[in-house]
Amino acid sequence: MIRLGTLFWLVLVSATGFAMFGVKYQVQALEDELARTNRAAASEEHELRVLEAEWAYLTRPETLEAMNRRFLSLGPIATKQLHITATDIPLRPPPAPTALPVGPPAVVASAEPAPAGSAAASAPEGVPISQPAPPETAAEPPATQSALRAMPALLEKPPAAQLAKTVPVKAVAKPGAPRRAKSLDDLIAQIMTSR
Amino acid sequence: MAAAQPYRGYDENPCRPRHFKPPPCAPVIPEGPARKAIDACRTRLLFTSILFACVFAVVALRVVEIVLLENGTAQSHMPRFRIAAPPAPARADIVDRNGRLLATTLDSPSLYANPKQILDPAEATRKLVSAFPTMKSLEVYAKLTSGKSFVYLKRHLTPREQYEVNQLGIPGLQFQHEERRVYPDGTLTAHVVGYTGIDNAGFAGIERGLDKALKNRREPLQLSLDLRIQYILREELQRVIDDFTGKAAAGLIMDVNTGEVLSMVSLPDFDPNHPGAVDPDHPDISIADRMFNRDTLGVYELGSIFKIFTVAMALDTGTSTLTSTYDASHDIHIGRFTIGDYHGKHRVLNVPEILMYSSNIGAAKMAMAAGGQRQREFLARLGLLSAPKIEVSEAAAPHFPAKWREVNVMTIAFGHGVSVTPLSFASAAAALVNGGVLRQATLLKLPPGDVPQGQQVISPKTSEQMRKLMRLVVERGTGTMAAAPGYVVGGKTGTAEKLSGRHYAEKKLLSSFVGIFPINDPKYLVLTVVDEPHPNKQSHGYATAGWTVAPATSRIIQRMAPLLGVQPVDEALPEIQRALMVESLQGKRLEAY
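Protein sequences appear in the order of chains V and B. The first sequence runs contiguously to residue 195 in the numbering used here. The second sequence runs contiguously to residue 788 in the numbering used here.
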């Protein structure tokens with residue numbers, strides 16, 4: 001009869017042996033994977049370098065200029081376009097909770113939340129903003145809501161509220177801003193006079 | 196036999212079956228010396244096993260410690276499992292000040308053949324020539340039948356070409372891993388970045404000047420160049436050449452407060468990707484001419500723009516003041532030379548007017564009043580009598596007379612007799628307007644806010660006076676066409692006659708303009724030089740600086756200033772007018788003199 005102790009050690013030895021080989025193969029597999037990954041990373045790195053070079057080649061100033069001439073026809077910034085800096089543009093005035101904002105500040109208030117305001121700001125100089133632009137007449141829920149929230153007094157007046165329902169942005173713009181900016185110059189002039 | 200064996204063991208039972216063996220049991224150890232020996236053995240065994248057990252226990256404890264207790268530090272015991280760093284390119288990239296790629300290294304395998312392994316040279320040749328139309332079939336066939344074991348067929352294949360060769364499936368063809376320098380912007384930065392040879396050794400420009408550094412670093416080398424500005428400068432210079440059928444042009448834009456070169460253009464230029472190739476548009480221009488960097492290697496008698504140094508010297512050394520007057524009504528005859536004025540006023544001129552109307556006679560007299568010694572020292576102090584120090588390998592030493600005679604003093608006063616590189620000129624001119632500090636020009640980007648140590652060459656007061664005078668030139672003098680409304684440009688025109696043989700040729704001009712803006716708080720310097728411009732209809736028969744490079748400078752400034760964030764100002768603002776007012780002229784009309 002084999003003694004229990006011997007059996008125990010035998011089992012332990014073989015278990016250890018198996019475990020060790022198991023770990024060894026696992027490590028080998030991991031090492032292979034690591035080498036594969038490293039190779040893949042190196043080749044990606046190389047591809048990245050090629051792509052970067054290609055990007056630099058495709059965005060050469062002369063290519064960009066040719067594409068600009070074809071698709072955008074943007075010109076160099078004229079000096080007169082730079083007379084106003086970002087700091088010259090006033091911040092939006094705080095909303096007046098009690099009364100309908102009357103007078104120049106409303107021009108800013110009404111021109112800014114509407115999408116046309118931002119479009120006007122980014123449009124090249126001299127390009128007239130189409131009078132009631134499509135996104136303006138089509139009811140734009142978020143803009144309208146914020147505009148209405150800013151002027152609760154408007155909601156209290158039944159005729160104005162009715163107007164707001166049908167042509168919301170126009171209704172907001174009408175009492176405060178009788179004149180809509182026709183161009184960027186115009187808009188800037190308005191802003192300057194309102195200060 | 197039985198008597199000889201005191202202990203019989205399992206043979207005791209005579210009736211036992213033949214296969215029976217009694218279970219083993221500890222041998223009966225006899226008393227006496229044998230017992231002693233066995234005891235000693237046992238004790239030794241016990242010691243040894245305890246020793247082994249201890250060692251194994253230590254090993255086991257160490258394993259437990261490493262794996263469980265020392266959190267993460269076990270990593271240091273596995274050096275070979277570290278993730279390999281991506282392979283470094285053989286040469287660092289070069290980027291501009293905004294990180295835009297100017298030069299990079301890409302893998303480009305070379306195709307070679309082992310002719311001993313080629314089975315059918317004729318067939319292989321036919322296939323190769325069909326894939327690469329530029330190859331000559333005779334040559335390829337000769338190579339493939341040469342009997343060597345290594346012949347290059349084509350160096351530096353593109354990925355597409357490599358794919359095509361693999362498609363051909365010719366045994367005996369192999370690729371050799373090689374790297375190749377690629378310049379995505381081609382000619383645009385050719386003279387600054389330079390180029391490398393087939394084995395990636397730097398041959399020109401930064402590639403040569405900083406060859407070692409590029410070989411040894413991993414991260415890209417950042418230049419002070421701004422590719423956008425470089426493009427603007429090159430385009431405008433090319434326009435000047437085209438409009439006035441000039442031979443060549445050079446341009447330089449520099450940050451006057453740090454010495455960083457934002458742009459450096461020399462025309463005609465070359466494609467660093469194919470440095471030896473002939474330009475199909477201008478096959479008559481030699482390769483050497485196109486590779487010649489006119490900004491750092493070309494030395495020129497720059498002419499009238501040198502007068503700013505004469506005036507600065509006279510004002511700084513105190514030999515003249517802004518109110519000093521010099522008689523410019525008659526030409527000066529000295530030796531075989533006659534010094535006359537191009538924009539002659541034929542009257543007594545004061546110092547601001549000498550610069551405004553670019554009077555050669557006035558400048559010569561000013562220099563004579565100061566003396567040759569002072570002039571020479573002053574030019575040396577501004578670094579105009581020594582080769583410029585710059586990162587590119589091409590830097591030419593100036594030409595100046597060994598003996599500083601009277602006639603030299605006079606001609607040098609208006610820029611003839613001393614030939615300098617445009618780069619040296621730009622550094623010195625920047626020192627005149629930036630408060631009087633001469634800083635070495637650099638092509639490497641400085642960390643933001645880092646202003647390198649400079650050398651005070653003129654007093655801040657003289658520098659302020661120079662700014663005012665240079666503004667006057669653009670406001671009412673010869674450089675009115677360089678004005679860029681809103682950017683308060685100041686500068687100086689220079690039209691030099693080129694020396695041909697022993698005489699100055701009147702028809703061969705070198706027109707140059709140095710512009711600084713905004714002159715009330717100088718930021719950037721624009722130097723443009725055009726070689727042999729010819730008059731055209733728009734310029735009313737003039738090829739002088741005022742009509743050629745001055746308008747170009749205006750256009751360059753108007754295009755580059757918004758990119759560099761220079762805010763235009765209203766030039767009529769009283770504080771700017773006051774800052775640029777020339778005291779000596781206060782309340783007097785210039786023409787009243």
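Watch out, some of these pointers could steer you wrong.
Computed spacing ranges between beta-carbons, pair by pair [to be verified]:
(1) V:9 with B:263: 19 to 27 Å
(2) B:249 with V:42: 41 to 49 Å
(3) V:73 with B:434: 40 to 48 Å
(4) V:30 with B:257: 17 to 25 Å
(5) V:81 with B:699: 40 to 48 Å
(6) B:257 with V:48: 37 to 45 Å
(7) B:592 with V:64: 51 to 59 Å
Below, computed lysine to aspartate or glutamate pairings styled on EDC-like, alpha-carbon distance capped at 20 Å [stated by the list, open to error]:
(8) B:540 with B:526
(9) B:349 with B:359
(10) B:693 with B:476
(11) B:442 with B:373
(12) B:732 with B:437
(13) B:410 with V:65
(14) V:80 with B:766
(15) V:80 with B:526
(16) B:663 with B:770
None of these hints come from the bench; they were simulated from the model. Small disclaimer: the values here were computed from a predicted structure and weren't measured. C-beta: ideal position from N, C-alpha, C; glycine also.
Hint-by-hint comparison with the structure:
The supplied range of 19 to 27 Å is met by residue 9 (chain V) and residue 263 (chain B), whose beta-carbon atoms lie about 25 Å from each other. In this structure the hint that residue 249 (chain B) and residue 42 (chain V) lie 41 to 49 Å apart at CB holds, the actual value being about 48 Å. The hinted window of 40 to 48 Å between residue 73 (chain V) and residue 434 (chain B) is violated, with their beta carbons roughly 19 Å apart. About 23 Å separates the C-beta atoms of residue 30 (chain V) and residue 257 (chain B), a value consistent with the hinted range of 17 to 25 Å.
A hinted range of 40 to 48 Å for the beta carbons of residue 81 (chain V) and residue 699 (chain B) is consistent with their spacing of about 46 Å. At about 43 Å, the beta-carbon gap between residue 257 (chain B) and residue 48 (chain V) stays in the expected band of 37 to 45 Å. The beta-carbon spacing between residue 592 (chain B) and residue 64 (chain V), approximately 40 Å, falls outside the hinted interval of 51 to 59 Å. Restraint check for residue 540 (chain B) and residue 526 (chain B): satisfied, since their Cα atoms lie roughly 11 Å apart, inside the 20 Å limit.
The straight-line distance between the Cα atoms of residue 349 (chain B) and residue 359 (chain B) is roughly 13 Å, inside the 20 Å bound, and the hint therefore holds. This hinted pair does not check out: residue 693 (chain B) and residue 476 (chain B) have alpha carbons roughly 27 Å apart, beyond 20 Å. Taking the CA atoms of residue 442 (chain B) and residue 373 (chain B), the gap is about 39 Å. The hint is violated against a cut of 20 Å. Taken as a hint, the residue 732 (chain B) and residue 437 (chain B) pair is honoured in the structure, with Cα atoms around 13 Å apart against an allowance of 20 Å.
In summary, the hint linking residue 410 (chain B) to residue 65 (chain V) is not supported, as the alpha carbons are separated by about 34 Å, beyond the 20 Å threshold. The hinted pair formed by residue 80 (chain V) and residue 766 (chain B) meets the criterion: a straight-line CA distance of about 13 Å does not exceed 20 Å. At roughly 46 Å between alpha-carbon atoms, residue 80 (chain V) and residue 526 (chain B) are farther apart than 20 Å, so this suggested pair is violated. For the hint linking residue 663 (chain B) to residue 770 (chain B), the alpha-carbon distance of about 14 Å falls within 20 Å, and the restraint holds.
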